[in-house]
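Chemist: What follows is each chain in one-letter form.
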Amino acid sequence: MKTIFAESVPGRGSRFFASDAPAAAKMLPAGLLRSRPPRLPECSELDVVRHFTRLSRLNYSVDANFYPLGSCTMKYNPKFTEYVAGLPGFARLHPLLAQLGRGAARTQGALRCLHEIEVLLCEITGMEAFTLQPMAGANGEFTGVSLMAAYHRAKGRARAKMLIPDSAHGTNPASAALAGLEIVNVESRDGMVDPEALAACLAEHDGDVVGLMMTCPNTLGLMESRLPEIVALLRGADALLYYDGANMNAILGKMRVGDAGFDVVHLNLHKTFATPHGGGGPGSGPVGVNARLLPFLPAPRVVKGEDGDFFLNDNLPQSIGAVGPFYGSFAVIVKALAYMLRLGGEGLERVAEYAVLNANYLKKRLQNVLDIPFERICAHEFVASAPEGLRALDIAKALLDRGFHAPTVYFPLIVRECLMAEPTETESKQTLDAYVEALREIVEQGGKDPAGLAAAPLNMPVRRLDETTAARRMALTEDMG
Amino acid sequence: MPFIPHTPREVEEMLAVVGVRGLDDLFADIPPEMRPARLNLPKGQGEAAVCSYFEKLAARNGTDMVSFLGAGFYAHDIPKAVDALAGRSEFYTAYTPYQAECSQGTLQAIFEFQTAVSRLMEMDCANASVYDGGTALFEAAMMAVRATRRRVLVVDEAVNPIWRKMLATYIAGLPVSLKTVPQKNGVSDLQALIDAPDKDCAAVIVQNPNFFGVVADYTEVFAKARLHKAFSVISVYPVMQAVLKTPGEMGADVAVAEGQSLGQPLNFGGPYLGLMACGKEHIRQLPGRIAGRASDPDGKTGYVLTLQAREQHIRRGKATSNICSNQALCALRALAHLCLLGPEGLARQAEYGMDMARQAVRRLTSLKGVEPLNDEPYGNEAALRLPAPAEQVAAALVEKGFVPGFPVGRYYPGMENILLLACTEVNRPGHIAGLAEAMGDLL
Numbered sequence: 001m002k003t004i005f006a007e008s009v010p011g012r013g014s015r016f017f018a019s020d021a022p023a024a025a026k027m028l029p030a031g032l033l034r035s036r037p038p039r040l041p042e043c044s045e046l047d048v049v050r051h052f053t054r055l056s057r058l059n060y061s062v063d064a065n066f067y068p069l070g071s072c073t074m075k076y077n078p079k080f081t082e083y084v085a086g087l088p089g090f091a092r093l094h095p096l097l098a099q100l101g102r103g104a105a106r107t108q109g110a111l112r113c114l115h116e117i118e119v120l121l122c123e124i125t126g127m128e129a130f131t132l133q134p135m136a137g138a139n140g141e142f143t144g145v146s147l148m149a150a151y152h153r154a155k156g157r158a159r160a161k162m163l164i165p166d167s168a169h170g171t172n173p174a175s176a177a178l179a180g181l182e183i184v185n186v187e188s189r190d191g192m193v194d195p196e197a198l199a200a201c202l203a204e205h206d207g208d209v210v211g212l213m214m215t216c217p218n219t220l221g222l223m224e225s226r227l228p229e230i231v232a233l234l235r236g237a238d239a240l241l242y243y244d245g246a247n248m249n250a251i252l253g254k255m256r257v258g259d260a261g262f263d264v265v266h267l268n269l270h271k272t273f274a275t276p277h278g279g280g281g282p283g284s285g286p287v288g289v290n291a292r293l294l295p296f297l298p299a300p301r302v303v304k305g306e307d308g309d310f311f312l313n314d315n316l317p318q319s320i321g322a323v324g325p326f327y328g329s330f331a332v333i334v335k336a337l338a339y340m341l342r343l344g345g346e347g348l349e350r351v352a353e354y355a356v357l358n359a360n361y362l363k364k365r366l367q368n369v370l371d372i373p374f375e376r377i378c379a380h381e382f383v384a385s386a387p388e389g390l391r392a393l394d395i396a397k398a399l400l401d402r403g404f405h406a407p408t409v410y411f412p413l414i415v416r417e418c419l420m421a422e423p424t425e426t427e428s429k430q431t432l433d434a435y436v437e438a439l440r441e442i443v444e445q446g447g448k449d450p451a452g453l454a455a456a457p458l459n460m461p462v463r464r465l466d467e468t469t470a471a472r473r474m475a476l477t478e479d480m481g
Numbered sequence: 482m483p484f485i486p487h488t489p490r491e492v493e494e495m496l497a498v499v500g501v502r503g504l505d506d507l508f509a510d511i512p513p514e515m516r517p518a519r520l521n522l523p524k525g526q527g528e529a530a531v532c533s534y535f536e537k538l539a540a541r542n543g544t545d546m547v548s549f550l551g552a553g554f555y556a557h558d559i560p561k562a563v564d565a566l567a568g569r570s571e572f573y574t575a576y577t578p579y580q581a582e583c584s585q586g587t588l589q590a591i592f593e594f595q596t597a598v599s600r601l602m603e604m605d606c607a608n609a610s611v612y613d614g615g616t617a618l619f620e621a622a623m624m625a626v627r628a629t630r631r632r633v634l635v636v637d638e639a640v641n642p643i644w645r646k647m648l649a650t651y652i653a654g655l656p657v658s659l660k661t662v663p664q665k666n667g668v669s670d671l672q673a674l675i676d677a678p679d680k681d682c683a684a685v686i687v688q689n690p691n692f693f694g695v696v697a698d699y700t701e702v703f704a705k706a707r708l709h710k711a712f713s714v715i716s717v718y719p720v721m722q723a724v725l726k727t728p729g730e731m732g733a734d735v736a737v738a739e740g741q742s743l744g745q746p747l748n749f750g751g752p753y754l755g756l757m758a759c760g761k762e763h764i765r766q767l768p769g770r771i772a773g774r775a776s777d778p779d780g781k782t783g784y785v786l787t788l789q790a791r792e793q794h795i796r797r798g799k800a801t802s803n804i805c806s807n808q809a810l811c812a813l814r815a816l817a818h819l820c821l822l823g824p825e826g827l828a829r830q831a832e833y834g835m836d837m838a839r840q841a842v843r844r845l846t847s848l849k850g851v852e853p854l855n856d857e858p859y860g861n862e863a864a865l866r867l868p869a870p871a872e873q874v875a876a877a878l879v880e881k882g883f884v885p886g887f888p889v890g891r892y893y894p895g896m897e898n899i900l901l902l903a904c905t906e907v908n909r910p911g912h913i914a915g916l917a918e919a920m921g922d923l924l
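From first to last, the protein sequence lines stand for chains A and B. Going by the working numbering, the first sequence opens with residue 1, and the numbers climb by one from there. Going by the working numbering, the second sequence opens with residue 482, and the numbers climb by one from there.
These aren't lab readings, by the way, just hints derived from the structure by calculation. As the structure is a prediction and not an experimental result, all values here were calculated from the model. Treat the hints with caution; some may be incorrect.
Said to hold, decoys possible - Beta-carbon label-pair distances, calculated as ranges:
1) A497/B / R416/A: 53 to 63 Å
2) G207/A / K665/B: 47 to 57 Å
3) A497/B / D466/A: 41 to 51 Å
4) A497/B / H115/A: 39 to 49 Å
5) R416/A / D505/B: 26 to 36 Å
6) A518/B / R292/A: 20 to 30 Å
7) G921/B / D259/A: 57 to 67 Å
8) G500/B / R292/A: 38 to 48 Å
As the list claims (entries may be wrong) - Capping the alpha-carbon separation at 27 Å, the derived lysine-lysine pairs in DSSO-like fashion look like this:
9) K646/B / K799/B
10) K524/B / K79/A
11) K524/B / K254/A
As the list claims (entries may be wrong) - If you want the ones that stay clear, here's a sample from chain B, every Cβ over 12 Å from chain A, calculated:
12) P663
13) T846
14) S847
15) E852
16) H912
17) E918
18) D922
We put the CB at the ideal spot given by N, CA and C, even for glycine.
Make the full structure from the sequences, and use the hints.
Modeler: Set out below in structure tokens:
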């Protein structure tokens, strides 16, 4: 498809905004002005609407396709939450109004939303308090890691090592590095954190370990069965335990991470609490902490006064500062809160039950189709390997041809030709069955005709694109390459 | 069961396939002592009840006020077509384009967004966006730190203090320090910024218009930074950028912006997006997602995520950043907004805001004791010195239904009487007259 820049016609425009204000040159000296107008598209409103409508039709989406992308929790996003977050009383509200004298009184509805979701998240996770400031999961990780570092600093220790299991998401080491910490890799055994390996790491880096970042259930979709030992080992070294909430959908209502001994947790509201992924964002990554880390939370915090009114507290002397400009991805937070209130406690617990049921059903049905390395009951997702002689990538592309989004491929790195599927609770048995049939056909076809499989997809807007040449050519804008 | 399609019969069938008796048996791996006794959460509610609850909360917020509040975040008119297009669920219920063949809509939109941002800034290339203007500033600073292997960031004090606070938070654990160059009466000290870089300086960081609304030309500052092999980083306001001298023309290495004013509602603080553009020579230091043009075996043009060797899922602890994705839907909104306004519409918005700001300054400085903070050229935002603490004046005006602007004293000790006032298309001459009258009654 042509780009919108190629569709531009000089002199055309939508005339969305016109005014009789003087030209900029009459208000500012020439030396401060740009020499030519920006070369943005000149299009009618219909040109623009048609262009983006056509572009939208080139996408797969949860609303049109089964999207079992592992670790991403691509569940259905209820429509009423869009309505709620778009209410003008929220959408048009300036964040700084709450910070003006008497401004809090004019932002009570919004401050209440922030306070209310914090209370609910604390109850769900068993943590003491949450900051809503982090703007996505990885941003939450950075925040959590910074809080852990601040805890040790306040005790006068210059600890510098973060322990990270080899099965972890790539963001874990990247976030720890961004916070200035060194990464120590912890090898897993049978897909799980091995307390013996952990003890060895703690001994080797005695007095220098900030903590351990864990995903639980882990990225293989397995519950960490030796969690109590892990907690005890870390407590023994006064090192902290971080919970990566990417897989929270598996344990809603079934396990409270605070009770389990985690000190800090980030959640992905866009995963667990059903807000749309937006093609890559915006997300929201609140971070919860227990009492040990509470003093270090980012500022400001929303507080409920004795009169029942809400206000912002900026007076937090031990705070790590500000990881975002204001109070978080507010519109995303409102959607998540609306979803939580709609489901209630019972409904949230049901989410975990049916997410795990769907994953286990799918895993069982695929037993004779793919190689499944871990037989035991899985959590909300599971890993499989492409059958001997087939590539995960080819299977993924063939799924696209059949109208399914592919699972996550080649992650976790410790599984050969990995296909990691997370069906979520919102998919029906019929959809899961159809997906199994599609995979069965693909594997059969691939066995007979591997070259045919390597040519997939054939029915999509484009065939496989040459990424190597693209990286070399570097055509990153209409004006490059 | 809301959003769960299973019938009781299907549940039985599925449990039988899995080989367990009940749903709770699926959680047998969680140590029993870690299972919560019960959750103290409210009961679920119907959709209509939830909607009406939020309607009541939204109605308690003061969006009916006459507002001149900006400080880096601005109320602009957004074409309804932006909502309609970004509201297409083919865009908003997709995820980051891991499978390029079924994500060409998102990928081409990112490519077009990168083109639009690059052309607005007159820089070679741009990424697919980061979280917001503050993280964009931090990421730009880190590009400089990595490329120069130096550790001092020279920052103009007139860079938005909200983003400077974020910058300080983000570098707290790193061997990087900030050297702040004081502003004078809201004016960036160009000579001090020219003199600041030395052999330890990784970057000189400025903002145009600066926090106080002052417009300047940073060409000489950047030339001097280059002489010392330091980066030049500039943060801009995208709407004013339609008319102002560009980062490219000034010789910046990296240009960033808070993209909120391009098609994003204020949303009480988010989600927003950070724009990042740079010179070609720095592309491998640029963090985040980048889309590039590619071809398929039939020679058909398509788009892919490219240069992924910079990213966390490949490089893990050695990545350029920990960011996994981008603010894709916000970037789509920004792109659609720019296309619907065009170069013409964006420039008219900038000019209207500037004209209104001039009318407001004229009207308000006719009040006794109110004067401009300085005589420098300004955009759509200006700082005024009041004869009383701005916090108090603002609080009293909020009671009367006016938000007169932002009292800067909390961020700039000694400037307690200074009020920062912004104008955009949402402000009418009648608003200015109303504000002047209300303020006149108070002073």
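Chemist: Work down the list of hints and note, for each, if the structure agrees.
Modeler: Results for each hint:
no. : hint                        : verdict
1   : A497/B / R416/A: 53 to 63 Å : 31 Å, violated
2   : G207/A / K665/B: 47 to 57 Å : 48 Å, holds
3   : A497/B / D466/A: 41 to 51 Å : 47 Å, holds
4   : A497/B / H115/A: 39 to 49 Å : 45 Å, holds
5   : R416/A / D505/B: 26 to 36 Å : 33 Å, holds
6   : A518/B / R292/A: 20 to 30 Å : 23 Å, holds
7   : G921/B / D259/A: 57 to 67 Å : 60 Å, holds
8   : G500/B / R292/A: 38 to 48 Å : 42 Å, holds
9   : K646/B / K799/B             : 25 Å, holds
10  : K524/B / K79/A              : 20 Å, holds
11  : K524/B / K254/A             : 17 Å, holds
12  : P663                        : 21 Å, holds
13  : T846                        : 17 Å, holds
14  : S847                        : 19 Å, holds
15  : E852                        : 20 Å, holds
16  : H912                        : 15 Å, holds
17  : E918                        : 19 Å, holds
18  : D922                        : 16 Å, holds
Hint 1 alone, counting from the list given before, is not met by this structure.
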